[in-house]
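Engineer: Sequence:
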Amino acid sequence: MVEIGDEETPDVERIASEADRRREAWGATLDDMTAMADDLEADGWDTVRIAAGDTGVFGPSSLKSDDEAYGIAYVVPGDKAEEISELFEETQFPEYEVYRAENDGRVYMVTALFAPDIDTAVLVAGAWNLREALECATVAVEEGYMYTYLQKLDGTVVGIVEHDDPEKFFPNLDAIRRLAPNADGDEE
Numbered sequence: 001m002v003e004i005g006d007e008e009t010p011d012v013e014r015i016a017s018e019a020d021r022r023r024e025a026w027g028a029t030l031d032d033m034t035a036m037a038d039d040l041e042a043d044g045w046d047t048v049r050i051a052a053g054d055t056g057v058f059g060p061s062s063l064k065s066d067d068e069a070y071g072i073a074y075v076v077p078g079d080k081a082e083e084i085s086e087l088f089e090e091t092q093f094p095e096y097e098v099y100r101a102e103n104d105g106r107v108y109m110v111t112a113l114f115a116p117d118i119d120t121a122v123l124v125a126g127a128w129n130l131r132e133a134l135e136c137a138t139v140a141v142e143e144g145y146m147y148t149y150l151q152k153l154d155g156t157v158v159g160i161v162e163h164d165d166p167e168k169f170f171p172n173l174d175a176i177r178r179l180a181p182n183a184d185g186d187e188e
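Here the sequence shown stands for residues 1 to 188, where the numbers follow UniProt numbering.
FYI, nobody ran anything at the bench for these hints, they're computed from the structure.
Ideal placement from N, C-alpha and C gives every residue a C-beta, glycine not left out.
Incorrect hints may have been included.
Stated by the list, open to error - Think about it this way: if two alpha-carbon atoms lie no more than 27 Å apart in a straight line, the pair counts; the simulated BS3-like pairs of lysine-lysine are:
no., residue 1, residue 2
1, Lys152, Lys168
2, Lys168, Lys80
3, Lys80, Lys152
As the list claims (entries may be wrong) - Distance ranges between label pairs, derived from CB positions:
no., residue 1, residue 2, range
4, Pro10, Glu102, 16 to 26 Å
5, Leu179, Asp43, 34 to 44 Å
6, Glu13, Gly144, 38 to 48 Å
7, Pro10, Gly78, 39 to 49 Å
Could you build all of it, start to finish, from the sequences and the hints given here?
Structural biologist: In structure tokens:
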């Protein structure tokens with residue numbers, strides 16, 4: 001029989017504490033998205049609120065079909081995917097804001113996409129690991145553009161938005177370099 005001594009307790013407590021902090025940070029992110037959407041609706045905007053089923057940053061070396069693609073991909077729940085697809089057929093989202101917070105090496109973020117021509121805002125909440133962002137962040141900063149991908153679980157893209165300020169997404173590239181696995185810290 002395996003004995004579990006006091007040495008195991010700190011790991012269990014650490015893992016439980018980390019899970020609690022992530023749950024609290026995600027809850028705060030969803031609360032922020034709700035408050036933003038409520039404010040926009042009070043100002044006469046229509047809103048679509050999306051709590052992404054999954055979120056990930058990816059660079060050109062990822063397995064995406066376009067070998068030049070990079071950005072943040074949000075998995076849009078099935079009940080929202082058709083609505084988002086129709087909005088992207090109807091209009092563009094030339095304006096955006098990024099609201100982000102970091103907690104334990106994760107970014108909790110709400111990306112607000114605005115279509116002023118139809119007074120519609122899409123607010124997308126997601127969370128991703130800083131340590132996985134190096135390639136995406138580096139390419140985005142070098143190119144001067146960042147992309148948001150809204151996609152279904154099967155990978156079908158229902159909307160793409162180009163952003164002209166990658167620093168809104170990655171305000172501290174040096175911190176990402178320090179966290180990235182196998183990063184040598186050299187500037188390119």
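Engineer: Next step is simple, just say for each hint if it's right about the structure.
Structural biologist: Right, here's what the structure says about each hint:
For the given pair, Lys152 sits about 25 Å from Lys168 by alpha-carbon distance, which is consistent with the 27 Å threshold. The hinted pair formed by Lys168 and Lys80 meets the criterion: a straight-line CA distance of about 25 Å does not exceed 27 Å. Proximity of Lys80 to Lys152 is assessed by CA-CA distance (about 9 Å); at most 27 Å being required, the pair is judged to hold. Taking 16 to 26 Å as the suggested C-beta distance range, the pair Pro10 and Glu102 conforms, at roughly 24 Å.
Range check, Leu179 to Asp43: about 38 Å between beta-carbon atoms, so the 34 to 44 Å window is met. Distance hint check: the CB atoms of Glu13 and Gly144 are about 44 Å apart, consistent with the given range 38 to 48 Å. Here the CB-CB span from Pro10 to Gly78 is close to 41 Å, well matched to the stated 39 to 49 Å.
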